[in-house]
Amino acid sequence: MIIKEITLENFRSYYGKNTIKFNDGLMLFIGDNGDGKTTFFEALEWLFDTTSTKHNTDYRLISEKKILELPEYSSDTVKVSMTFEHDGEKIVEKSFSFQKENNQIRTNNFLFRGWYVEGVERTQIQGGMLLDRCFEAAIRKYCLFKGEKNLNVFNNSDALKYLIDTFSNIRQFDPYFIGDNENLGFTEFAEKESNKVCEKAMKADKSNETQEKILSSQLTKLRNDLQDVRTRLRNNRTNATNYSTKLDDLESSKEACEQLKQINERLKSLNEKKTRTESFVNEDYTIKLLDEMWILCGFSNIFAEFQNKISGASKEKRKLENEAIKEKGKQEAIKELAKGIIPLPPYIPDAKTMEEMLTDEFCKVCGREAKKDSEAYNFMYNKLQDLIKSQQPQEDAEETPVFPNNFIDELNKKSNTLESNILEINNLRIKIKDYIEYVEARKAEVKKIQSNIDVEEDNKRKLLAQNDNLTEEELKNSYENITNWYKSKNDAEKQILILEKDEKDIENKLAEVQKDYDELGKTSTANTYRKIHTAFEKIQNAFKYAKEKNTKEFLALLEAKANEYLNKLNIDDFTGIIRIYEDKIERKLKIKLEDKNGTFVANPNQALETTMYMSVLFAVSELTTIRRDYDYPLIFDAPTSSFAPQKESDFFNVISDIKKQCIIFTKSFLNDEGKLLNDKIDKLHCTINRMEKQHPFDKNDLSTIQTKITLIK
Amino acid sequence: MSNEDKMLKLVLSDNNLSSFYEYNAEDYQSVSDALQSDNTVVVAVAKIIRGVAEDSDKGIQKSVYQEVFNYLNQNLL
Chain D
1 MIIKEITLEN FRSYYGKNTI KFNDGLMLFI GDNGDGKTTF FEALEWLFDT
51 TSTKHNTDYR LISEKKILEL PEYSSDTVKV SMTFEHDGEK IVEKSFSFQK
101 ENNQIRTNNF LFRGWYVEGV ERTQIQGGML LDRCFEAAIR KYCLFKGEKN
151 LNVFNNSDAL KYLIDTFSNI RQFDPYFIGD NENLGFTEFA EKESNKVCEK
201 AMKADKSNET QEKILSSQLT KLRNDLQDVR TRLRNNRTNA TNYSTKLDDL
251 ESSKEACEQL KQINERLKSL NEKKTRTESF VNEDYTIKLL DEMWILCGFS
301 NIFAEFQNKI SGASKEKRKL ENEAIKEKGK QEAIKELAKG IIPLPPYIPD
351 AKTMEEMLTD EFCKVCGREA KKDSEAYNFM YNKLQDLIKS QQPQEDAEET
401 PVFPNNFIDE LNKKSNTLES NILEINNLRI KIKDYIEYVE ARKAEVKKIQ
451 SNIDVEEDNK RKLLAQNDNL TEEELKNSYE NITNWYKSKN DAEKQILILE
501 KDEKDIENKL AEVQKDYDEL GKTSTANTYR KIHTAFEKIQ NAFKYAKEKN
551 TKEFLALLEA KANEYLNKLN IDDFTGIIRI YEDKIERKLK IKLEDKNGTF
601 VANPNQALET TMYMSVLFAV SELTTIRRDY DYPLIFDAPT SSFAPQKESD
651 FFNVISDIKK QCIIFTKSFL NDEGKLLNDK IDKLHCTINR MEKQHPFDKN
701 DLSTIQTKIT LIK
Chain A
1 MSNEDKMLKL VLSDNNLSSF YEYNAEDYQS VSDALQSDNT VVVAVAKIIR
51 GVAEDSDKGI QKSVYQEVFN YLNQNLL
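Protein chains in written order, with my numbering: chain D, 1 to 713; chain A, 1 to 77.
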């Protein structure tokens, strides 16, 4: 199967329709974190999943941007389709519709379809069926890998067995020999049937009746004992395998357990520190405005203005008072000057005479006419009024001060009083400044602690992601259960050793009794049946041997191929030798790295471990191609995170020379600013696509994220 | 080489079987070759491989067994 084209439509960050052409050989998709590499990979996983139904129409698969743009009561489609070559061109397509109603998204109309060309006709078929036919689940299992840690498909205890079962032709032996007490292959059936026939003939031979009964009874007992021991042996092996698997998981995650423990301790300490520091951050500044009179912090300016105004007012007051004194002095001086001329007394002429003159409108003093309202008339009228007034009892004239109230003085006094408070107020400003600086410093400290917490949380997430076979709780519990598991595993292994010895003893005893029984048969009429049974028994053992040899040959081939790839992938570096072996106690196939002297390479560096597993995967892929006469793509998401830059370039060039469709999503060949390292890219001999987010986007808004893919080489 | 032929070669390569029934495994490259053999057990193995392979029905065990049993009964000395 060779992928020719993939189309992603409205699948998460792949807004609208995105079609990418594929070719044989290596294809790199380079993108930074969050640029859509894993999304593309997961789109393929979604397409290739022929089993799940609940995940098929998950609304979270829909492009957020499309959801945002979609008008109410409108619908659109999420679709992933793949065109591939496999005995002619074929298409497989998975899709579902979605509709926006009252701002809610409803999904429906899930379709999983495939098409193949037969003659000139294009025939439609169920997608899962077509996929299973052309890219069966067993092969898919060894074709898609997410992350570096998941490359070890053999972590799963059944993985190698599954691999052998699927690709080594071992299943072809099942109709002949199974090696399981519950199910019988043909040779096992034939052995048992021929044995029954033989024993029946022996029993029928009266000449050896007594001896036959004794031996037959011993054989029955020994066979029952053997079956019992084998059952117990199988149970103990299962237990040992289960505990061993758990311990292997734990062993691989032992470091993770310790790291998790340390991270949790650091997180606890950081959270306590954060809580303590946060308790020092009290930003109730509004309350402090009145409760702690912070409101007065601006008082000194106001007070200065107040003092200026008071000073101005005081100055103005003094000026006005001076002017009043001057005016008064002036008046008094005028009066003093006026004292030199003796005026007539007010009663000359007298009141009666003046009233007469006013009535006659004639001044009889100066002998002139004085018409009403004339100046002379008014003079006479005023003169009369002055006379009348002078004849009234005299009141003491009080002098009215210019400023009868002491407001300015009071304000001055107030100013003087406040003058003594200004120092305290100035100190308050310093206190407020210090307090705010302290709070800001605590806030900065909290921020720093939070950033450390974020880093630790991120580390924890990464750690758990790398150990995704165990949850955090399981990781903790497993660590606590380790003693019990080791004990149980050791107990099971001890039992296995005892039972294996018992099995051997019983088998030997059985062989002896069987020999005696056969000897007895030689002299019996049942001798022919004994020979037939022996033949069936030996044929059964030969099939058993053939089955085991087939497995060994497959593993030897796999190992040889894997080592070829390991040598290619590790240029100028220590490689070691891959060994695929059977753990005798657990009866489980394992993979390890040795040096040429047979020394086990414990804890190889991540890059070496990655190339080891990739070598096995390439070998598996090559063998499947040989066994199935078809090629299959290998798809990796971020498999080279631990590689040094040079090793990475060499690695990709080696893969590009392998002549196999290999699709790799990576963030390699990008500098710290996310720009392509063109000089390194120029040295690669493969197709390269750039994946990146369409600009501009809002880093806090998913609906602005859209991935675009550009062919750059 | 067919899967049946590969299986035959693997089965016949068992030293216990070849030494007990005195045949040379290298002489038999295919099931057809083995069916023509003078060696009774080699023929029996070939009959088993061919007989079981031709019918995946579980009931086949009895008929193949009967055929091979009869063959051995008549030819095994």
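Be careful, since some hints might not be right.
One-sided excerpt, in silico: chain D residues whose CB lies under 7 Å from chain A [as the list claims (entries may be wrong)]:
(1) Q172
(2) I178
(3) E182
(4) F186
(5) K531
(6) A535
(7) F543
(8) A546
(9) N550
Derived, one-sided and incomplete: chain A residues facing chain D with beta-carbon distance under 10 Å [to be verified]:
(10) E4
(11) L12
(12) F20
(13) V31
(14) L35
(15) Q36
(16) S37
(17) V45
(18) I48
(19) I49
(20) A53
(21) V64
(22) L72
(23) N73
(24) L76
What the hints contain is simulated information worked out from the structure, not anything from laboratory work. Heads up, the beta-carbon is just placed ideally off N, CA and C, and yes, glycines get one too.
Problem set entry | Violated constraints from the hint list, given by number and in increasing order | 2, 3, 13, 14, 15, 16
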